[in-house]
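Given chain A, put chain B in place with the hints provided.
There are 2 protein chains.
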Amino acid sequence: MSEQTKDKLIIFDTTLRDGEQSPGVTLNTEEKIEIARQLSRLGVNVLEAGFPVASPGDFNAVQRIAREVGPLMEGRTGEGRVNQEMVICGLARSVQHDIQTAYDAVKEAPRHRIHVFLATSDIHLEFKLKITREQCLQRIKDMVGFARSLCADIEFSPEDAGRSDHSFLCEALATAIKAGATTLNIPDTVGYNTPSEYGALIKHLRENTEGADSVVFSTHCHNDLGLATANTLAGISNGARQVEVTINGIGERAGNTSLEEVVMNIHTHPHSYPVQHTVNTRLFFSTSRMVEDLSGMAVQANKAIVGRNAFLHESGIHQDGVLKNKQTYEIIRPEDVGVTTGNLALGKHSGRHAFKTKLEDLGYGGPALSDAQFQAAFAKFKDLADSKKAGVTDGDMHALVADVRSSTLAGGSSAPPPAASEAADKRSSTSTDLPEDAHEAQAESALRFTLKHLQVFTGLGITPTATVTLHDAVRGADVTDVALANNGPIEATFSAIQRIIGVDIQLLNFNVAATSEGQDTLGKVAVRIARAAQEPEEGCLAPGGSVPKFTGLATNVDIITASASAYISAVNRMIGHDESDNRASHKDRKVDI
Amino acid sequence: MSEQTKDKLIIFDTTLRDGEQSPGVTLNTEEKIEIARQLSRLGVNVLEAGFPVASPGDFNAVQRIAREVGPLMEGRTGEGRVNQEMVICGLARSVQHDIQTAYDAVKEAPRHRIHVFLATSDIHLEFKLKITREQCLQRIKDMVGFARSLCADIEFSPEDAGRSDHSFLCEALATAIKAGATTLNIPDTVGYNTPSEYGALIKHLRENTEGADSVVFSTHCHNDLGLATANTLAGISNGARQVEVTINGIGERAGNTSLEEVVMNIHTHPHSYPVQHTVNTRLFFSTSRMVEDLSGMAVQANKAIVGRNAFLHESGIHQDGVLKNKQTYEIIRPEDVGVTTGNLALGKHSGRHAFKTKLEDLGYGGPALSDAQFQAAFAKFKDLADSKKAGVTDGDMHALVADVRSSTLAGGSSAPPPAASEAADKRSSTSTDLPEDAHEAQAESALRFTLKHLQVFTGLGITPTATVTLHDAVRGADVTDVALANNGPIEATFSAIQRIIGVDIQLLNFNVAATSEGQDTLGKVAVRIARAAQEPEEGCLAPGGSVPKFTGLATNVDIITASASAYISAVNRMIGHDESDNRASHKDRKVDI
Chain A
1 MSEQTKDKLI IFDTTLRDGE QSPGVTLNTE EKIEIARQLS RLGVNVLEAG FPVASPGDFN
61 AVQRIAREVG PLMEGRTGEG RVNQEMVICG LARSVQHDIQ TAYDAVKEAP RHRIHVFLAT
121 SDIHLEFKLK ITREQCLQRI KDMVGFARSL CADIEFSPED AGRSDHSFLC EALATAIKAG
181 ATTLNIPDTV GYNTPSEYGA LIKHLRENTE GADSVVFSTH CHNDLGLATA NTLAGISNGA
241 RQVEVTINGI GERAGNTSLE EVVMNIHTHP HSYPVQHTVN TRLFFSTSRM VEDLSGMAVQ
301 ANKAIVGRNA FLHESGIHQD GVLKNKQTYE IIRPEDVGVT TGNLALGKHS GRHAFKTKLE
361 DLGYGGPALS DAQFQAAFAK FKDLADSKKA GVTDGDMHAL VADVRSSTLA GGSSAPPPAA
421 SEAADKRSST STDLPEDAHE AQAESALRFT LKHLQVFTGL GITPTATVTL HDAVRGADVT
481 DVALANNGPI EATFSAIQRI IGVDIQLLNF NVAATSEGQD TLGKVAVRIA RAAQEPEEGC
541 LAPGGSVPKF TGLATNVDII TASASAYISA VNRMIGHDES DNRASHKDRK VDI
Chain B
1 MSEQTKDKLI IFDTTLRDGE QSPGVTLNTE EKIEIARQLS RLGVNVLEAG FPVASPGDFN
61 AVQRIAREVG PLMEGRTGEG RVNQEMVICG LARSVQHDIQ TAYDAVKEAP RHRIHVFLAT
121 SDIHLEFKLK ITREQCLQRI KDMVGFARSL CADIEFSPED AGRSDHSFLC EALATAIKAG
181 ATTLNIPDTV GYNTPSEYGA LIKHLRENTE GADSVVFSTH CHNDLGLATA NTLAGISNGA
241 RQVEVTINGI GERAGNTSLE EVVMNIHTHP HSYPVQHTVN TRLFFSTSRM VEDLSGMAVQ
301 ANKAIVGRNA FLHESGIHQD GVLKNKQTYE IIRPEDVGVT TGNLALGKHS GRHAFKTKLE
361 DLGYGGPALS DAQFQAAFAK FKDLADSKKA GVTDGDMHAL VADVRSSTLA GGSSAPPPAA
421 SEAADKRSST STDLPEDAHE AQAESALRFT LKHLQVFTGL GITPTATVTL HDAVRGADVT
481 DVALANNGPI EATFSAIQRI IGVDIQLLNF NVAATSEGQD TLGKVAVRIA RAAQEPEEGC
541 LAPGGSVPKF TGLATNVDII TASASAYISA VNRMIGHDES DNRASHKDRK VDI
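Chains A and B are the protein sequences, given in the same order. Heads up: the first sequence begins at 1 in the UniProt record's numbering, then just goes up one per residue. Heads up: the second sequence begins at 1 in the UniProt record's numbering, then just goes up one per residue.
If we strip away everything but chain A, and leave its shape as in the complex, we get (with noise of 0.2 Å):
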């Protein structure tokens, strides 16, 4: 089968939705925009934004992918390029109000879907459901049939198909596909399948259910067993054009499958597999390093393809071998995935237009970074090149972008704040002294918090104490206060920045990294927050659960620096953070496809 003659595969990229149930896992309105852009640029054709229903955060996270990342071309155009936008998805459970809130959540994108989901194994329709088969089919055909009502491109999975009754399991699905279904999307729920037990039932059920040749069959793999990846491409072989993946493979337990494996077997395979992929590869690595950085989800060294490790050729005859004699594959080459391998450090004589032809390198090219972000990365990039004398390192550029995208992405997207400088105090140690208009008043160019200076005194046996000072945009002043800590420099940091902004957090996560080696690496801090003692919730799909979480990153040649500096950007988040954004629990909103 020649290239040009192979079905096109469906790339469906739900990190924003099941890569967001990892446990720890909560990306803001903001970093979800973020993501889906880079998930435009790399080419992805469906990407599922969310479920809407599940809160108003949600809602909201899902229109503004909708009506912002929708109609974006940028990277899709071209030869062996999708050359459409993106469909953006929203899922809803086979209940009326969650199929129209999940429409209105994406109609205003150019291509959008609702994906439709319904158990039907006869576990879930009697404890979980508590509905026979037949209710089960007439639900499949009323619900089915509205969301088709609203939308031309439906979706539809049987959830926990794994355990369904193969027979029961096709008549649900010919049920779907009569009521409008265009896509059937088969999950191993529990990551247990083997491949060949996996590329049975797709051919089984392709085979089986009436009116399957005018749909297209879906994978949904998880990596319990570390199959994922085998999966999918079983499912591949056996007809399946569709693929449910995630950046990273980040999900529950041990995750989904990872988009960048699958594309890359089809890459390197192409005679193995009866599809072609419309993915624009060399934006893998740094579409890797913007999740890694966002959801906290690291990335281990010798994880396939987008691991630091992946490239590393230790012994030179071994690639100069496969390389002089490709024969059925093709090798992978690191810049095929975005990994440039000269790693030529930049010094401080660098100038603006080698720090942009380097960021293009790294994948951070054209709509990658604002101009404000262009220019807070150089100016930090001037300053790191002047105190590191070995130059400044592709992984210290990767954290720069981090750092800028972090610094400058606030929580919430409303207009700036009115000026509110007769609030301003020198001390605020009461959580009830804040303007009342603090909570909403943050856009994205205008952070709260910055700080202004530091000062720090531990050891062994000593009582660790830091002075900090910050200043606030609301209050327009500096404002200083000191706290000790039993444990340690980054603990009395933090409670002295807790006594100057006057809320209550709890730190969830704290994270160190070195960007590359030596001794004048950049410390790369991820921190991730939440307010203490929050409020029960109301209005959601549950009650109960989980409160907004918030990262931030910094990245400095002193940790400690560094510890304040992505505290405060986490800080200024929850703070400009929208209060009607994400509201929802976490854990309410998770399914189990």
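The set of hints was computed from the structure by calculation and includes no laboratory data. Be a bit skeptical, because a hint or two may be false.
The list treats identical chains as one, so a pair stands whether inside a single copy or across any two.
As the list claims (entries may be wrong) - In silico SDA-like links for lysine to any residue, alpha-carbon gap of 20 Å or less:
id, residue 1, residue 2
1, Lys141, Asp122
2, Lys382, Gly461
3, Lys6, Gly78
4, Lys348, Asn486
These figures come from a predicted structure and were not determined experimentally.
Just chain B, lined up with the frame of chain A:
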């Protein structure tokens, strides 16, 4: 096929040989022995302990593992266990000196094996070995024959089997069998086979090699496309009865096949594979943590089986449903792989018994810690319990164990040093004033330097300074020095320590992670160092190459104190490191199988 009549799968672990080839990983002898002991308890059948001819250090490590770990039967007896000593294996090129050296290194183990390899692809024969096919066959005959004259258990690997002519490969394997090979290992060297290709290759070789019935076929897969586990399982389904694997899948590039993934596939799908295993899966998590800590190769949260999130089921329905209706497969319960779910925190009133029980639950029972290590861990635990209000979590416990192991493992194994206090001086800022015998003067329990005092001042716009006092066991005195730094308090602290020890050190890697949630979490610091400006080395496999590297780990609520402790731990290892140990270039002894 009933479980009783199934073939037993032979687990050949190469964490210490191929795994150690991961970029940045260099395990010293004590670390290798520690891992070898754990792999023995786990039930590994064959342990590839190293490449003895590569360097005197490699030889010494393999020999000590053969002597000290080879005879161990702890954890290996009982129903469903291996009930035999672990086979200790040494790798050798097809050269008489290599084979003799490998044999000398492993021969003291009750059960031992020599693993001989030779390339069989035309490209390797022509460009690398510069021999004809006939010469290749002759060399296999001679060298496998020579190995067999020393030892009854011989493994042969055709390097670059994937690109070798199939009929010549069968001829080469038949030659190896005739010369006495008992195991034939088929590497997918570049990790680019699909499962169906690799399975077909194993099948073809078994069907077309003369004498194939009398030997064991073995898989050796790499994970470049995320398919190592699937390829290995395809090998088993097509007749392989040995699998070459590493803990956490570490190895060059994207790594080797994960031991834990292959075993858990067989464990959960007893009816899908024609083999049974004899591994104690309950030790997976603690073994994974040990390899992670000692190798410095972090495991991502969404890694199958051993990732931190692998068993975090956020939605209860899901797991319940599975447990109610387990049909064709067995679900993995977290405790099956050593993940404790209760996560009952220990508090300041917890006694020695509760502490010990918790350690056992976490997979550190019995001989996992020496008495001295247990006492040290308990003392650290009591200190920590005093300062942590929320109690000591499982994450903290794993970190404590890693810390104690790191701080009690010196590099060398020679006798304690003679008193050398006459060399003591308040300052030692050059590298020439160490006593002559200081380099080989460290025994396991006699650490050269201990941290007595630390005082750090830093901040934004402040030049960081650190004052450090170390006790020097060789000089028998406390030594204090101070340093400043351009790049933060950690650099200042490390510089002050360098001044005291008088050795120029290169910082290769620095990482901090929190062990659990919350502000009083432990910071776990890992540093990796090498001597700066190492002299070129002689007598190794090849000239040039990299210098030995040393890891130090420490945990403390204060990140700077933890950093100082980790650095000192690494320094103690470096200084105690037997000069003859690990002298070979790491890169030079890499082989592509």
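*asked:* Treating 20 Å as the Cα threshold, decide for Lys6 and Gly78: within, between, both or neither.
replied: within (18 Å within a copy, 55 Å between copies)
_Intra/inter-copy verdict for Lys141 and Asp122 if alpha-carbon distance must be at most 20 Å_ = So Lys141 and Asp122 pass the 20 Å test inside one copy only (18 Å; across, 61 Å).
*asked:* Treating 20 Å as the Cα threshold, decide for Lys382 and Gly461: within, between, both or neither.
replied: Classified as between; 17 Å across copies, 38 Å inside a copy.
*How would you label the pair Lys348, Asn486 (within, between, both, or neither) given a Cα cut-off of 20 Å?*
between (40 Å within a copy, 16 Å between copies)
Every hint, counting from the list given before, is met by this structure.
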